[in-house]
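Trainee: Going line by line, the protein sequences match chains A and B.
Going left to right, the first sequence walks through residues 1 to 503 as my numbering numbers them.
Going left to right, the second sequence walks through residues 1 to 503 as my numbering numbers them.
These aren't lab readings, by the way, just hints derived from the structure by calculation.
Each pair may be met inside one copy or between any two copies, as identical chains are not told apart.
In silico lysine to any residue, SDA-like type, Cα no more than 20 Å apart, as pairs:
#	residue 1	residue 2
1	Lys496	Met95
2	Lys463	Gly431
3	Lys463	Lys496
4	Lys426	Ser500
5	Lys463	Gln434
6	Lys237	Ala404
7	Lys469	Ala430
8	Lys51	Asp125
There are 2 protein chains.
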Amino acid sequence: MNPVEPQRLKLRRIPIDTSRENVVFLHADCGAFPTLGFRALSKVQLSFDHKTAIGTLDVVRAPWLGVDEVGVCEYMFERLGVAEGAWVALSYPGMLESTNSIRRKLAGARLSRAEYDQIVRDIVDDRFSKVELTAFVCACSQNNLDRDEIVDLTEAMVAVGRTLSWDGGMVVDKHCIGGIPGNRTTPIVVSILAAHGLKVPKTSSRAITSPAGTADTMEVFCNVELSLPRMREIVDKHNGCLAWGGAIDLSPADDVIISVERPLNIDSEGQMIASILSKKKSAGSTHLVLDIPLGPTAKVRRPETAAGLRRMFEYVAGRVGMHVEVVISDGRQPVGRGVGPVLEARDVLAVLRNEANAPADLREHALALAGRGLEFAPGVRGGQGLELAREILRSGKALARFEAIVDAQGRRARPPEVGAYSFEIKAGRAGTVQRMDNFSIARLAKLAGAPVSKGAGVEVLRKLGEPVKTGEPVLRVHSATPAERRLAEQYAENEKEMVSCEP
Amino acid sequence: MNPVEPQRLKLRRIPIDTSRENVVFLHADCGAFPTLGFRALSKVQLSFDHKTAIGTLDVVRAPWLGVDEVGVCEYMFERLGVAEGAWVALSYPGMLESTNSIRRKLAGARLSRAEYDQIVRDIVDDRFSKVELTAFVCACSQNNLDRDEIVDLTEAMVAVGRTLSWDGGMVVDKHCIGGIPGNRTTPIVVSILAAHGLKVPKTSSRAITSPAGTADTMEVFCNVELSLPRMREIVDKHNGCLAWGGAIDLSPADDVIISVERPLNIDSEGQMIASILSKKKSAGSTHLVLDIPLGPTAKVRRPETAAGLRRMFEYVAGRVGMHVEVVISDGRQPVGRGVGPVLEARDVLAVLRNEANAPADLREHALALAGRGLEFAPGVRGGQGLELAREILRSGKALARFEAIVDAQGRRARPPEVGAYSFEIKAGRAGTVQRMDNFSIARLAKLAGAPVSKGAGVEVLRKLGEPVKTGEPVLRVHSATPAERRLAEQYAENEKEMVSCEP
Numbered sequence: 001m002n003p004v005e006p007q008r009l010k011l012r013r014i015p016i017d018t019s020r021e022n023v024v025f026l027h028a029d030c031g032a033f034p035t036l037g038f039r040a041l042s043k044v045q046l047s048f049d050h051k052t053a054i055g056t057l058d059v060v061r062a063p064w065l066g067v068d069e070v071g072v073c074e075y076m077f078e079r080l081g082v083a084e085g086a087w088v089a090l091s092y093p094g095m096l097e098s099t100n101s102i103r104r105k106l107a108g109a110r111l112s113r114a115e116y117d118q119i120v121r122d123i124v125d126d127r128f129s130k131v132e133l134t135a136f137v138c139a140c141s142q143n144n145l146d147r148d149e150i151v152d153l154t155e156a157m158v159a160v161g162r163t164l165s166w167d168g169g170m171v172v173d174k175h176c177i178g179g180i181p182g183n184r185t186t187p188i189v190v191s192i193l194a195a196h197g198l199k200v201p202k203t204s205s206r207a208i209t210s211p212a213g214t215a216d217t218m219e220v221f222c223n224v225e226l227s228l229p230r231m232r233e234i235v236d237k238h239n240g241c242l243a244w245g246g247a248i249d250l251s252p253a254d255d256v257i258i259s260v261e262r263p264l265n266i267d268s269e270g271q272m273i274a275s276i277l278s279k280k281k282s283a284g285s286t287h288l289v290l291d292i293p294l295g296p297t298a299k300v301r302r303p304e305t306a307a308g309l310r311r312m313f314e315y316v317a318g319r320v321g322m323h324v325e326v327v328i329s330d331g332r333q334p335v336g337r338g339v340g341p342v343l344e345a346r347d348v349l350a351v352l353r354n355e356a357n358a359p360a361d362l363r364e365h366a367l368a369l370a371g372r373g374l375e376f377a378p379g380v381r382g383g384q385g386l387e388l389a390r391e392i393l394r395s396g397k398a399l400a401r402f403e404a405i406v407d408a409q410g411r412r413a414r415p416p417e418v419g420a421y422s423f424e425i426k427a428g429r430a431g432t433v434q435r436m437d438n439f440s441i442a443r444l445a446k447l448a449g450a451p452v453s454k455g456a457g458v459e460v461l462r463k464l465g466e467p468v469k470t471g472e473p474v475l476r477v478h479s480a481t482p483a484e485r486r487l488a489e490q491y492a493e494n495e496k497e498m499v500s501c502e503p
Numbered sequence: 001m002n003p004v005e006p007q008r009l010k011l012r013r014i015p016i017d018t019s020r021e022n023v024v025f026l027h028a029d030c031g032a033f034p035t036l037g038f039r040a041l042s043k044v045q046l047s048f049d050h051k052t053a054i055g056t057l058d059v060v061r062a063p064w065l066g067v068d069e070v071g072v073c074e075y076m077f078e079r080l081g082v083a084e085g086a087w088v089a090l091s092y093p094g095m096l097e098s099t100n101s102i103r104r105k106l107a108g109a110r111l112s113r114a115e116y117d118q119i120v121r122d123i124v125d126d127r128f129s130k131v132e133l134t135a136f137v138c139a140c141s142q143n144n145l146d147r148d149e150i151v152d153l154t155e156a157m158v159a160v161g162r163t164l165s166w167d168g169g170m171v172v173d174k175h176c177i178g179g180i181p182g183n184r185t186t187p188i189v190v191s192i193l194a195a196h197g198l199k200v201p202k203t204s205s206r207a208i209t210s211p212a213g214t215a216d217t218m219e220v221f222c223n224v225e226l227s228l229p230r231m232r233e234i235v236d237k238h239n240g241c242l243a244w245g246g247a248i249d250l251s252p253a254d255d256v257i258i259s260v261e262r263p264l265n266i267d268s269e270g271q272m273i274a275s276i277l278s279k280k281k282s283a284g285s286t287h288l289v290l291d292i293p294l295g296p297t298a299k300v301r302r303p304e305t306a307a308g309l310r311r312m313f314e315y316v317a318g319r320v321g322m323h324v325e326v327v328i329s330d331g332r333q334p335v336g337r338g339v340g341p342v343l344e345a346r347d348v349l350a351v352l353r354n355e356a357n358a359p360a361d362l363r364e365h366a367l368a369l370a371g372r373g374l375e376f377a378p379g380v381r382g383g384q385g386l387e388l389a390r391e392i393l394r395s396g397k398a399l400a401r402f403e404a405i406v407d408a409q410g411r412r413a414r415p416p417e418v419g420a421y422s423f424e425i426k427a428g429r430a431g432t433v434q435r436m437d438n439f440s441i442a443r444l445a446k447l448a449g450a451p452v453s454k455g456a457g458v459e460v461l462r463k464l465g466e467p468v469k470t471g472e473p474v475l476r477v478h479s480a481t482p483a484e485r486r487l488a489e490q491y492a493e494n495e496k497e498m499v500s501c502e503p
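Isolated chain A (complex conformation) (with noise of 0.2 Å):
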């Protein structure tokens, strides 16, 4: 094969987690060096008798390390599945062809679908550095991608994952594009929908930069991960299901693109797209409800925007053959009372129960999106979903339904509570609720310690056009710890603007 003999070292694992990187280790005085070429690499390749993989390089000069090993950290070593002790050749990887195609992006150019099978099958398979990822994120930033391309994008990341598929028929999900602290409609919606006999197999993810994901949030009631075969079980039995996607590894690209949008904050319209379409598409969905909040502190904050994506996400659906129904909604403010784990399954439950003091507004955008679902069902007129949606929770099927998921999913014997160390956010005015920012809110409940804590987060006390005294608290926080509870404290000390009213 390699006509060089290769130096020849021994694989082992270096119990180290950089955070969804391959990070090669190699001794200063390891013989590999002078072979390699030249002593400035930035990257190395891996080659074992059936696989290949590349890593970015870092010198150690340490006894924990042999000169006749090569390292690799734990993230590289758990996706290599080659066993320590086992002979890797070591070489230089050149320039990958992908690097050529981001240039081309970022200078403005119209990607192939090639070029986006390659660079999406390069991030599968950790080919690229932080380097190079964050290279195509920022060249796909900023509507940098055509329809086309987006569609191409979208099928490229179709094609690197597993895809699911359930016996025919219709298959309805459900999704929200994020950004609302406690928009926590997703187990009401799948409740309502698979009451009324659709299916929907829904996965969730856990929290990336909120405070909660709907996996955190039914945590707080059963288990969620569930292998696929338990899922097509509950599903046929149910209709549906609320579990976590990241059992199932649908969309591998996704995950890793995420590692590096996150630090950055970028908007990427074209990769937020493909990102929850090919999600959705690998799931074996056919029908989608999306939730598109609108405000000014959402995630769009414009309506001619929320417009535009909306034609966007038809558009890219339709031609990778799903049918999606937009709902742009109300995003000034957090939805429900909760936000966190287990304040956000409070709301859930209350609704589901038709409790007197169930939040409103919570209620009411889970029945608006359950009806819109529901207007997928065949004998379902247009305009006639909502009044459904609503029959179906006032009868208490919704909850059956929710209960018999839950149950069927493995309900928690003792579910969490929420944190016992509180303290209250309070108006410096009176007047009226004017605005909240719900990024703020979602910080505070971060730093209050959720999704991690499962009862930490913040109750929302007071909402838009609500009245409130000067001294009458608006936020309540909770802590399941006093050092946890002092980090929202300072925060909070500093972040006046989370809820302003006026008189």
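Once you've looked at the hints, dock chain B against the given chain A.
Mentor: For chain B alone, kept in the frame of chain A given last:
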């Protein structure tokens, strides 16, 4: 200061070289994790008594790091300047303000001087990870900076480094934007200018992406790592020097930026201009001769690009108070015969010694540049420079000045020799040499071992327009080891278009 009882840990140096990135290591069981607020941190801030630093977090599960320790990589440890065992408080660094600026720049906004100051300060203080750094480089690519932004970036880069001053008067410098193998005019130009009495305190880089930098080549003759006082002594006595710039730490932001530009191979006109002019300004130069090679495989490929670049250099230099003379030169092929430190040193010496077989293209190119530089001198009229330069070279004054500088810097007793393991690349067909690929010839020389191995490199045996018979050698490659020779041979087997002959 920090009202939370911070988890205090002990600083520990971790002998891992992570190529210019601050990496912080914490043990998975470290007690600081709960206090930090949440676990999915990508960055942490280290606070010492009198300074803070930010690094990317790696989590370790190995006995070589204690749960009460915070490890930092070699790069970070060296720049911290804090002793091992010092007490460190950890905190969450929050989002950098600069991230907003980068996002605005990606969106096409014009950034202010204050924003460039902050970005450059964050770069120099290692607050950026590779992710932010790459995003900044991408945001500045594609001529996204207008000319006044380039001025601002240049001044920001000057402001964070040290600045040299030379007791008044004219200080002349020479620079090439690079890309042409063997283009080693600097030692000749400096010798001519210094011989005429101009002050030329030249600092040069080692190779970054090329097979040799001027510092690498000068190191064949003499020591290049001069302290600043020693450099001043030599310049006082001989008017010039040929030192390595890395020892002096001018424009430190540049080195960090380059570390991500390199793997992406991104051209950013604004960053290139700011990088070059900030280094020259920091070095105290008042006058600069700038070489912009033009050719199909040069960095600049079209005459109109070269002209635009010339105007941009003139504008920015003028704004920061420097006089620049741009020479657009022939960049269609390597200059001289040798590529690699020893081979280039041989060419330089042949020109300085007026040897009959000295490479004419290297001589004429160096004379053109020196001629423009001489015209900075008060007594030299426009148009006279070239002939004056030729006379200084012919008379042996340039050689004498070069030898004096080499002696002053510390002549090497035993200069390195040309690599013993060689092979030749032969013409596949008879005809005339029509094209040469600068990039692949440079790559070939690097794979052969240059510049780490001083004697490694490529001899260019035929130049453009010269006749060649089938099977005649066109390139000769030298390596110090059989392994490196084999690497270069492999590359040459796949790269057929390095030298193209046509009938």
